[in-house]
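2 protein chains.
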Amino acid sequence: MTVDRPVEAVPFDDVPAWDETADVVVVGYGVAGASAAVEAATLGAEVLVLERTGGWGGAASMSGGFIYLGGGTPLQEALGFEDTPDEMYAFLMAAMGPGADAVKVRDYCEGSVDHYDWLVELGVRFKEEFCDEPGWVPSADQGLMYSGGENAWPLNEIARPVPRGHLPQIAEGSARTAHEEGERGGGYYLMAPLVERAEQLGARALYDVRTDCLVVDRAGTVCGVTGTRFGEPFRVRARRGVVLAAGSFIYNDDMVARFAPEALGRPGSATEMHDGHAIRMGQAIGADLGRMDGCEVAGGADPRMNVRGILVNRVGQRFIPEDTYGGRVAQAIRYKQDDVAFLVMDDAGYEEVPDMVTGGPKPRPDWVADTIAELEADMGIPAGALDATVTLYNRYAARGEDPLFHKNPTWLRPLEPPYGAFDLRHRTGGFTLGGLRTNTRSEVLHVSGRPIPGLFAAGRTASGVPVWGYASGASLGDGSFYGRRAGRSAGERR
Amino acid sequence: MTVDRPVEAVPFDDVPAWDETADVVVVGYGVAGASAAVEAATLGAEVLVLERTGGWGGAASMSGGFIYLGGGTPLQEALGFEDTPDEMYAFLMAAMGPGADAVKVRDYCEGSVDHYDWLVELGVRFKEEFCDEPGWVPSADQGLMYSGGENAWPLNEIARPVPRGHLPQIAEGSARTAHEEGERGGGYYLMAPLVERAEQLGARALYDVRTDCLVVDRAGTVCGVTGTRFGEPFRVRARRGVVLAAGSFIYNDDMVARFAPEALGRPGSATEMHDGHAIRMGQAIGADLGRMDGCEVAGGADPRMNVRGILVNRVGQRFIPEDTYGGRVAQAIRYKQDDVAFLVMDDAGYEEVPDMVTGGPKPRPDWVADTIAELEADMGIPAGALDATVTLYNRYAARGEDPLFHKNPTWLRPLEPPYGAFDLRHRTGGFTLGGLRTNTRSEVLHVSGRPIPGLFAAGRTASGVPVWGYASGASLGDGSFYGRRAGRSAGERR
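Protein sequences, first through last, are from chains A and B. Quick note: the first sequence uses my numbering, first residue 1223, plus one each step. Quick note: the second sequence uses my numbering, first residue 1223, plus one each step.
Just so you know, the hints here were simulated from the structure itself, not pulled from any lab data. What you are looking at is a predicted structure, and each value in this text was computed from that prediction instead of being measured. Hints are not guaranteed to be accurate.
Identical chains share a label here; the pair holds if one copy fits it or two copies do between them.
[Unchecked claim] Derived DMTMM-like pairs (lysine to aspartate or glutamate); straight-line CA-CA distance at most 25 Å: (1) 1558 / 1350; (2) 1584 / 1568; (3) 1584 / 1561; (4) 1584 / 1596; (5) 1584 / 1430; (6) 1558 / 1484; (7) 1558 / 1379.
One chain only, chain A, in its complex shape (with noise of 0.2 Å):
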């Protein structure tokens, strides 16, 4: 974080010249800003995107590239799964909440296909097969996959289980995996045709400036921004709006500190540009915020080294079904477990583990032992406390049965010795999901409730369908969305 960085609103008065005049102006050249810049300058909007760093991407481009979709998708069509919107919004008001937004969720889902449809029309493609596995990513560049626990308990019992996690192909024709291309997962796959169209649309870019302040005419109607680049002031005039799309506060440590203090200096699936001060800039004119503590977490073991063994805290209690997303196991060792857990395997299941996506060797047990009265003493578990753990887990698992948490038959057999465990303990990492109040529009709202004449905001920068909550694809998923909402709302006004 800058220190005196500046961030209140600079009068429309006191602008003495400006640099560069735009219908719409976007920070940030993430996911959110590219669908902000594609729709804008659909709508015949000139267009101009201001970018921190050297070039497009953001966080978008780095990550797997998981986009949430659903409500009966071509691709879930194609490969036989029936979904509504309906049963996603079912769904993703349980998964993403507490508190999610009811109105924003049911528009999401509605729009969905659409969604879908005008990505493939931009040149994103999704391959047309299944991933059955548990996993963070699929196993090799399958199109479709579960991603946020919808086929395990509870949310297995809330909504019809269908996957809805859509994955860009990495490249024509390859079968390689999103690692094996290094950088460039399905998130690059998404971000190029999306920057590849604003450019064809005519919409311009600059590199290498540094928003800092609204600019704001007397009827607060916002009308541009000041910042800098390569040091030297920088005024950009918005004859249309400013779209706010410039990531998440992970990066900001006196953010975190104040409104999500378990993810201080954890950031994870973010680049250091999330430093929040886009919300800031909302928030010296009176926007309002949303859900400032909620954060996407990720860590922890393999999801298919989870389900073969079981998940144990730090007295050696269950707490989560282990074939849930693996989203959901970190979330609730970072909040339920204060971020202690262990999984513990034994030797056959630890064999049934296939290859690491990564390709790389399979982690190795912290701890082994052949009795679990041995490993719990090894583990620092209080002595009966895992041993009785096991054994109820096994007396069920024997029954294909579990009444605790409900994990999937497939997966449920006695633990057998010899046994093995794994410290996941102060493993997790994430970014964060508050941010400034938008309405479906992308509208920034004022806390008075009425829309902020000239602003919009998406991606991490607003509260979007994603409030606690989460599903791997739900943030490129909504930031996409609400980005394009963003573009299209500021390229309409007048």
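Given chain A's structure and the hints, the job is docking chain B onto it.
The following block gives chain B in isolation, referenced to the frame of chain A:
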């Protein structure tokens, strides 16, 4: 929440006339407002308190009245407890967080003895008697009690256990309990001397005034408020400053849904005036916020019952030392156990529970059974799960040990038939802790980090000492402490 209630700041030049003028204008006549009024008036400032209801008191007046103080108060010393600001700081940083403000907590601890003396000088009385029982309130009118889990694990390993819950004596020479006194609990006997002193010092109060908007001059200085009185516009000029002290936002469903959804529709220890409007008044001029998700949480069984049984979750697992502060128990139930918990006791333990402080009969168990197998079946806990928990608990309790949660040996004894269980599901309530960001001078901070000239806040309108965790007395404690600071800072302003 009043529909269409204005919140946007009013330019000074747009105010046609002033109905009242004072040096320091205080919004809200609870503990923070009263403390601000006393301090500002002590400095010779002309003080006007605007209260929305028909009388002073706020939530404080209806509360039990605990004030969290320490560091070696005369009451602690008289009762043989050695405390230091450092021990108090270590405790509060652990118990009020995660994310407690180290600067504010240090300041509060260093000033705690002085604050005690100030209260005594005002006429607040603390009876020199220690209540050596767990509980929400003392069994009678004792002046000192553990009120935050200081003597329970893990906090007893973080700081030397010392009681810091100071309770104002209810009536001179009376042994009546807070309950028998009706609504006039300890909180009334804290508030009455404050209000009396404020009046003696010439502070005026106007009731039935709804304050809506801040008035701000061209330089951005807060110089008054507007609102309504008896349905007519009402404008008050503040020469030196405005102090916002209007309570939490627990009764504002829109804000609760966006910032602390688990608390939606479940207010406690607050008045309906806690509508968050004063927080929004600050936000409207760019004031920053702190930790909007935090909540004081109460509910569940009487702590004197908890200690004599075991608290278990949905699947029969223990999750907390049963002898810790009842608010920590309630918070763990709501946030870590999905608001589901049960208290399991045996008949012998139940018989040992003293008469209720309220004078009413002991609650009856929701389930009773001669075996744990029968009990868990009746409670809907998977067969064998509660049994495993009780077996392990008993095995260690027989040796006076609790290696899982370190409950004090005083309360450890194997549970024996017959058994009973109490349903504690969905019974938590409380008030929000988040609010305007302030410094130790109680100046409200703009998102830029600079103090907003003329604007001060305290009590639950501000983010204070308790940000997520809580101890009984933390809110009256920091409300009165930083209310005083607000009064001083505003009163000293020229």
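For each hint, the structure was consulted:
| no. | hint | result |
| --- | --- | --- |
| 1 | 1558 / 1350 | neither (38 Å within a copy, 40 Å between copies) |
| 2 | 1584 / 1568 | within (14 Å within a copy, 48 Å between copies) |
| 3 | 1584 / 1561 | within (23 Å within a copy, 38 Å between copies) |
| 4 | 1584 / 1596 | within (23 Å within a copy, 45 Å between copies) |
| 5 | 1584 / 1430 | neither (41 Å within a copy, 69 Å between copies) |
| 6 | 1558 / 1484 | both (11 Å within a copy, 14 Å between copies) |
| 7 | 1558 / 1379 | both (22 Å within a copy, 21 Å between copies) |
Hints 1 and 5 from the list above are not met by this structure, while the remaining hints are.
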